[in-house]
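Peer 1: Below are the chains, spelled out letter by letter.
2 protein chains.
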Amino acid sequence: METDKRPLILVSNDDGYRARGVRELIDMLRPFGEIVAVCPEGPRSGGSMAITVNEALRLAEVPDFEGCKMYKVNGSPVDCVKLGFYVALGGRKPDLVVAGINHGSNSAVNVVYSGTMGATFEGCAFGVPSVGFSLTDHDPQADFSGCRPFVEKIVEMTLRNGLPAGMCLNVNVPNSVEPPKEMRTVRAARGNWNDEYQRYTDPFGRPFYWLTGSFHNEEPEARDTDEWCLAHGIVSVVPTLLDRTAPASGQPEWLRSLKF
Amino acid sequence: METDKRPLILVSNDDGYRARGVRELIDMLRPFGEIVAVCPEGPRSGGSMAITVNEALRLAEVPDFEGCKMYKVNGSPVDCVKLGFYVALGGRKPDLVVAGINHGSNSAVNVVYSGTMGATFEGCAFGVPSVGFSLTDHDPQADFSGCRPFVEKIVEMTLRNGLPAGMCLNVNVPNSVEPPKEMRTVRAARGNWNDEYQRYTDPFGRPFYWLTGSFHNEEPEARDTDEWCLAHGIVSVVPTLLDRTAPASGQPEWLRSLKF
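Protein chains in written order, with the working numbering: chain A, 72 to 331; chain B, 72 to 331.
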């Protein structure tokens, strides 16, 4: 980052450009630089890192948007970030990608399904320091004010220090009664979804299904996890990798010595 | 796995139930156990780990499918695996999840966008040993016969040995002139997509975009990578993690000592 010009910040999300979370985020980021936002035209929660390969994509500017350039895209969060890099920014490389603020938690294993983190990983894949922010509150009218000091701190430090290649940040802010006063760098808790599908019958007698379920934390006492922090009113910061290769040290012998 | 009954294998893919790759895969897997397949009703390449949360899902049996139960779903590869676990298998836990065989490579960073690997990771999240197979040939009529001995070997070894919790396998088979004769456990090559968007104008004068681009391998000489193997006619096996947390040893000091 050159210090003699304002940082360029690309913003995206997965709740769509109308969501309150991204408007609040833009308001928090405005003092840090020039903001260009590219967001899905509608909700894309659970979009992960999906890309659109078999359909035409549209990018349209949303006029008069909170004093910054906002574009909407008929695609996934990753489509938004890619179209941001290659079309909306016209080749200018941003200094930072910020996604969110998500309406709802992206802690533990949820990072892999999250469209917010999908956008964040895509920024990381492009070689730009990238951060995803989430508030543990799904309410469309959620109060994001508790996020502000943490967004400011993380953005300021990430702009100043950068992030190692291939690493991005997954930041979750608890929706606690008292605004959070603490922030910790932790790991994603181990756990899984006990999914269920609610079964319905349509007017023609055909079944259809809707995903539901609840998250099961396998290690609720582990204080070095994001879930523990969030349960205790603490903001969690999880440094997260784009590369998913298992280190050789964790591989079983039969794999390390695989022959044909 | 109990040895006194046949293994139960859940199969999925991202090219859709009509794809040649999944039919060939089922033919290769048949000797290993009982097969139940749940696949997207149409192509879902690039589906990553996207889940459908805002729409109704349908699951319908495809009659007379290659001598096994095949269901089609109007959702993503992960939706297919989840509906497989919770509906199609009716609560029976499979011994193995196998996804593919993908028409096209899923090496290097492509693992994060891949719907084939999305299905594989979902099996892993459910606590089942899971393997994704891909052939480096996008042709709908691709010749999958070179995959067979490697699918057999990997499936046999995975059924026998299992995989550590949270680890699954990303197997890529090169589409070489001579059938591959070697297989190696390696890591994902570092690299990135030089994306481009082809710009069109619709009959009403409005622009639309279509994703294109080419993969740039940052380390073509690194022999311990999947890209190197595939370029040299060798099957690559990359042990891959569901959890994306960066190990503390790789985190920069400012993150490890983060305070508020």
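Hints are supplied without guarantee of correctness; some may be wrong.
Pairs involving identical chains hold if they fit within one copy or between any two copies, as the list cannot separate such chains.
To be verified - The list that follows gives simulated cross-link-like pairs (lysine-lysine, PhoX-like), each with its CA atoms no further than 25 Å apart:
(1) Lys76 x Lys140
(2) Lys330 x Lys224
(3) Lys252 x Lys140
(4) Lys76 x Lys252
(5) Lys140 x Lys330
(6) Lys252 x Lys330
It is worth saying that the hints were derived from the structure and are not from the lab. These numbers were taken from a predicted model, which means no experiment stands behind them.
Peer 1: Are the hints correct? Go through all of them and say.
Peer 2: Each hint tested on the structure:
{"no.": "1", "hint": "Lys76 x Lys140", "in the structure": "within (18 Å within a copy, 61 Å between copies)"}
{"no.": "2", "hint": "Lys330 x Lys224", "in the structure": "between (50 Å within a copy, 10 Å between copies)"}
{"no.": "3", "hint": "Lys252 x Lys140", "in the structure": "neither (32 Å within a copy, 54 Å between copies)"}
{"no.": "4", "hint": "Lys76 x Lys252", "in the structure": "neither (32 Å within a copy, 56 Å between copies)"}
{"no.": "5", "hint": "Lys140 x Lys330", "in the structure": "neither (54 Å within a copy, 33 Å between copies)"}
{"no.": "6", "hint": "Lys252 x Lys330", "in the structure": "between (53 Å within a copy, 10 Å between copies)"}
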